[in-house]
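Protein chains in written order, with my numbering: chain A, 1 to 288; chain B, 1 to 579.
Derived from the structure by calculation, the hints contain no laboratory data. Beta carbons: idealized from backbone N, C-alpha and C, even for Gly. None of the hints are false.
Here are a few chain B residues that face chain A, going by a calculated C-beta distance under 10 angstroms:
id: 1; residue: A206
id: 2; residue: A261
id: 3; residue: L286
id: 4; residue: G421
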Amino acid sequence: MATFKEFRNNVKPNWCPGCGDFSVQAAIQRAAANVGLEPEQLAVISGIGCSGRISGYINAYGLHGIHGRALPIAQGVKLANRELTVIASGGDGDGFAIGMGHTVHAIRRNLDITYIVMDNQIYGLTKGQTSPRSAEGFKTKSTPEGSIETTLSPLEIAMSAGATFVAQSFSSDLKQLTALIEAGLNHKGFSLINVFSPCVTFNKVNTYDWFKENIVNLDQFPDYDPTNRMAAMNKIMETNGMLTGLIYQNKERQSYENLVAGFQEQGLANQDIQLSQDQFEKLLAEFK
Amino acid sequence: MISQLSWKIGGQQGEGVESTDRIFSTALNRLGYYLYGYRHFSSRIKGGHTNNKIRISTHPIRAISDDLDILVAFDQESIDLNAHELRPGGVVVADAKFNPVLPETVNAQLFAVPITKIAEELGTSLMKNMVASGASWALLGLPLEVFNKAVEEEFGRKGPAIVEKNVEAVKRGAEFVLEQAGGPLDAFKLDEADGKQKLFMIGNEAIGLGSVAAGCRLMSAYPITPASEIMEYLIKKLPKFGGTVVQTEDEIAAVTMAIGANYAGVRTMTASAGPGLALMMEAIGLAGMTETPLVIVNTQRGGPSTGLPTKQEQSDLNAMVYGTHGEIPKIVIAPASIEDCFYDMIEAFNLSEQYQVPVIVMTDLQLSLGKQSCEELSLDKIVINRGKLVRESELSELEQHQLFKRYELTADGVSPRVIPGDKHGLHHVTGVEHDETGRPSENAGNRQRMMDKRLTKLDGLVIRDAVRADSPNAQADLLIIGMGSTGGTIDEARSRLVGEGITSNHITIRQIHPFPTDIVKAELNKAKKVVVLENNATAQLAAQVKLHAGGADKIESVLKYDGNPFLPSEVYKACKELN
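Bound-form chain B, shown alone (with noise of 0.2 angstroms):
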């Protein structure tokens, strides 16, 4: 019995790839399995390669694997482009349509299955899908009455007609493959899940869920990748609370309605990627002068330019901690869990309202993309928190020609906040420098007192988990430091340390801007030598560390900046040698 396994299928994009992944996860997660996905793609709709990958486990996994067990192939370009990770004794399931040859130098079992035979036979060749992942199913000796539910829930809307055909292709499959394997794969069963149906999501749906419960009730935005599912999810579910989407015209619209409507008074936000944000610096200056509470989501993307649009990077961190024209107050912060996906929402519009500040919640393409299993996520935890927003019946009355002190200047730099609409509120509101009611202003004194107004605000900020720390040795041989969604494979490649011998810590930086100076300093004090660790090319974090924290002398960068997360392998490696 085994504990975990890694399950590949690979094809060209548009035959099902995507849906036979859905179909098979989807059934795993009935029976309470935990589920980490991967999914490499390319920037084009149909054709070219494209395969996606899950670990299967029975305890909480956050990170994809080094090898492959089971490899589902629709074509020989799969197998040539994928076998190489299957480990000795895997498995290569294959459409005996294209004669698979499995390469000499892999150690492992073939067998080809009809896979588009049986499907034709049944009616359509869409419908590949399941009798791939019925073969597979098969294999690992699962309930086939479970994945026949499964697939009941999924065309169930279609009609009994069509799920019948659908349970005879997942049954035809696995009874073929059954009977040349001779039966289910001893090597591969798994040991038995809780039962729990977890929650199963990627990071953009999470995100997207995160804001609905977070009160956020518009969004506006263009369509990029890997952002898009924000939009696609909300626009499904706001009409329901009142709220909507728009689709903007480009990414400078996207944001300054998103301005526009929290200056309002609507919790607003707008998510995109590298090449959006870029296009959205100046807006994000107006919403610090202006000091608008503002959320965006960058899901970052191989840059620069259009870079690599469908594949992992960290390269932005820079953009969103420097990005504007002159000097403001913003907050990044950087989910590193799919749970931090849904509470950081509700962080960063609080937050936004709080400080009456931009704040950049950054995710990555594989945090955002990747589907994972989800611990129960709780309403309870959730408080909004509108800060010094006051509401008309807690204005006193303005005198004829007088206006609200919307920028008045007090002990933390916030002022009261009033919207539109309020009869004793009104006041200006403009980028340009501004005395405490919004009036233009270019006197110096005045300048000097807003500038530290707004710089301030921020002075000794230290959000909910800023820095989540795993450091259990008091001097440990490393610190390995990383942030997004590299932790669980940073994780993985600790515990092979422990093996070696070498003890490590390991923080992951949440709170990017401003950044937590004094934990980290903390952190590095108690590690003999450092390891960074980036999807960049030039030690983007790590320069923010050693910038505010200090450390030169023994901090130390991994980098891996060819479009692909780390995997565990690589990590443990790099840290092994830089130890």
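Isolated chain A (complex conformation) (with noise of 0.2 angstroms):
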């Protein structure tokens, strides 16, 4: 069986020392071998920006994309396999903004697809610009004046979306997060995890401190029930979105993919696709 090391590469990733990303690779390697998987067996599908590289940091099948269309193109690879274990990574920016529509309709869908979000409320490869999920009053370069648009609560609309599975976990803590993973991973639908993920060159207001002092980590409250959606949207506006751990899941709901009639277990990839003479002649006769 696969160990964390399998899923490491020996490529030297282009984030700045000290980015939040580094724990995200961490955590996906850890969760990867925690359920048993073996490289071959996951493919990571990332978006544009920073964070995007990601797929190339991880010893596994993996897509770099384009701007905002990691989870297209990761539903596109599960429907072909389902056998194979798919994750979707992006940053705020790929998920939240260009990739918005995608990620709102991703949900509604539910195929098993483990979406993990490095939300570092700024646009780091470009250089420092506004992203969604910036703080009102948030000077950027492109918001000299502070950002005057709301801060997006990508965890609201996941919940109004119908989603399944939604968590949010902070860099610093690898042992949460590897375990959010994990169950993401576990879960049979689509799952959402967002990951504060400090940008350390250009946000210098949500930092490691900065988040420490402001998370509530729902870990700390053992009654705190993820299977009840109205406690979990009121958990999420209570706490102004800053709670980590397990939010919500669903159970209940099965995924596209046991949805879709006539999709049979063995991953479509490899089925035959030669018709049958019998077959053709059954599609021509409703033309004639």
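Now that you have both chains on their own, put them together as the hints suggest.
Given below as structure tokens:
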């Protein structure tokens, strides 16, 4: 069985020293090993941005696509071969700005994919512009007077879009992050894991210390029931989204693959595609 | 006796024009006639004038006709808008309900049949279509029992009572009109057809069917006119073969989902029209850069912007050839017949895997939506070729940290391809410039090698029937060049040109990109003058011909961009004038 080391490759990430994304990389590698995967059984599909490079830093199958489109690509992979474990990953700009439309619909569709967002509240690779996750008043190169738009709440959006798994974590808490990714991989449906992953270069406000001071960790509330949708929504609003842990999980809803008429357990990619003469004639008969 | 005639039904959208056409043409198909249909419709569901025209013939026919023999009108507007097409001695069958009047300039016979009244007497005005088609059928003097069989097939599932009512509607329509006309009209007596039922379908259905036969098992698409029938066909069929169709949130999701699925090893397509194609451009570049197979069908309609969404045009050629930023290898093929729509899908999926490139199959609205007779299709002619796809058993073991060379530099530029899941095929894929294992690289030498590798893959590509030539003259007065649905119209015009003593050759360019330069050049040399005929305003095909094959000094363009397909008479006239 593969250990987390098998999910490492010898590529040096181009992230800044201290970037929150290193922990996400490590957590994915650990979680993948912990749930018993072999590298070839995992496909990591990522978007564009600093965090989008992550698919190249994990020893598994990986596709680094175009900005904002990690989710539709990942869904295509899963539909083509449901035997694969599919992780989609990217930043808050990728998932909540340019790719927001796909995020909402991927949640609704509920394919068995784990979506990990590295949320640093800023655009890093383009050197410091505002993100939908930036706080109001946040000064960046594109908002020199401070952001005048409302901060987007991906957790509330996910909940209202019918998400079956919503979690949030913090790069500094590798243990919780690994456990949540494992839970996401084990969840039979779409899981959203938003990770506070500080940008040490361009975001001098939402720093490691700032998160430590402001986060409410649900793991400290043994009575919290993540299957209660109303309670989950309340908790998100109560904490203004500044909470970590498993926020909501619906184990009842079937994943998309299980609801598609005629879909088999065997991955489509592994099925024969040649039509028989008999099948072909039946298709032709409808046009006579 | 005549060998062909044209029939048209007109009315308000949503009042049974489509179903009248369907039942009438289905019955004709049972007798073995060749049919070619044209739909004139608007971008709305209820209301607004719509009409369907069918050409009926004892021999294969691939063009709409200039004129009209029989017009069935559900309202006065249908007469006002269409009666001018009637040939002298033509017939109008109109609903007596609106006291139909023929324009004075029209020399035709009018039969006012109480279409609505008969239908209502039988229970519902919905049966107008049966009364109208029954009356048409009777005027042609065709056997009623064949029509009744078609009715039985259409309504059989709804029970014998419904069938009986509809058969009665047909009978009453037929009886009424025969009494007025004094029997079937001699002038419209068609020669007997061969009695062999033909395949009868629209281009979009042939595309769907071809995709299933090609092994396509997934489609991701967003609804759009005139492409939606492809997804509607495939969602009915793919589940029978283990696959499915996903209706995505937009065309960007449609194309990127298709890229993901192709990457993972399943033949997957998307289909759209101009506006959707525009949204797909960035992703087409991703497929080109990552050498991921991809098949896109673009059913062209009137552009730009929302343009003329339900009308004929061929104006996306430049977008398909030049679209996406940067430089990638890409194939654009243009089916020119209903049979092409089927076989070209197998070709498209094969090409996309053999060369690991995006393939765009371009149709136009008339080819996609015109219902027509199709020659017998054969599974024996189909070979599925997956190119250099290597499966697990053929792979040798990788060392630790070693990656599979997914982008290995090879003599033909095409690298072995594995799919996720294979133990010894681990590699990375990225739209960033990369090395042989798929890892990002900005090295200048590598960049150049990789660009050359990708861009030379298609060198010398000539697909089956890249240029379909009917060029019997070693030195013709005219070479007419077309693409898509215009071929049949051009051929009809050519047969009239013969009468004028003008010799002509005709080529249909089916491989639009990369351009089949040598073949076209040779054809240009065989003509004194060249006419390039296309449904757009800026002569996009002519520009390709001139750019690649030359001949600018003798090429003239015939363009039509008013939303309607060319008529044979228009092509004839234009060619005659240019000669």
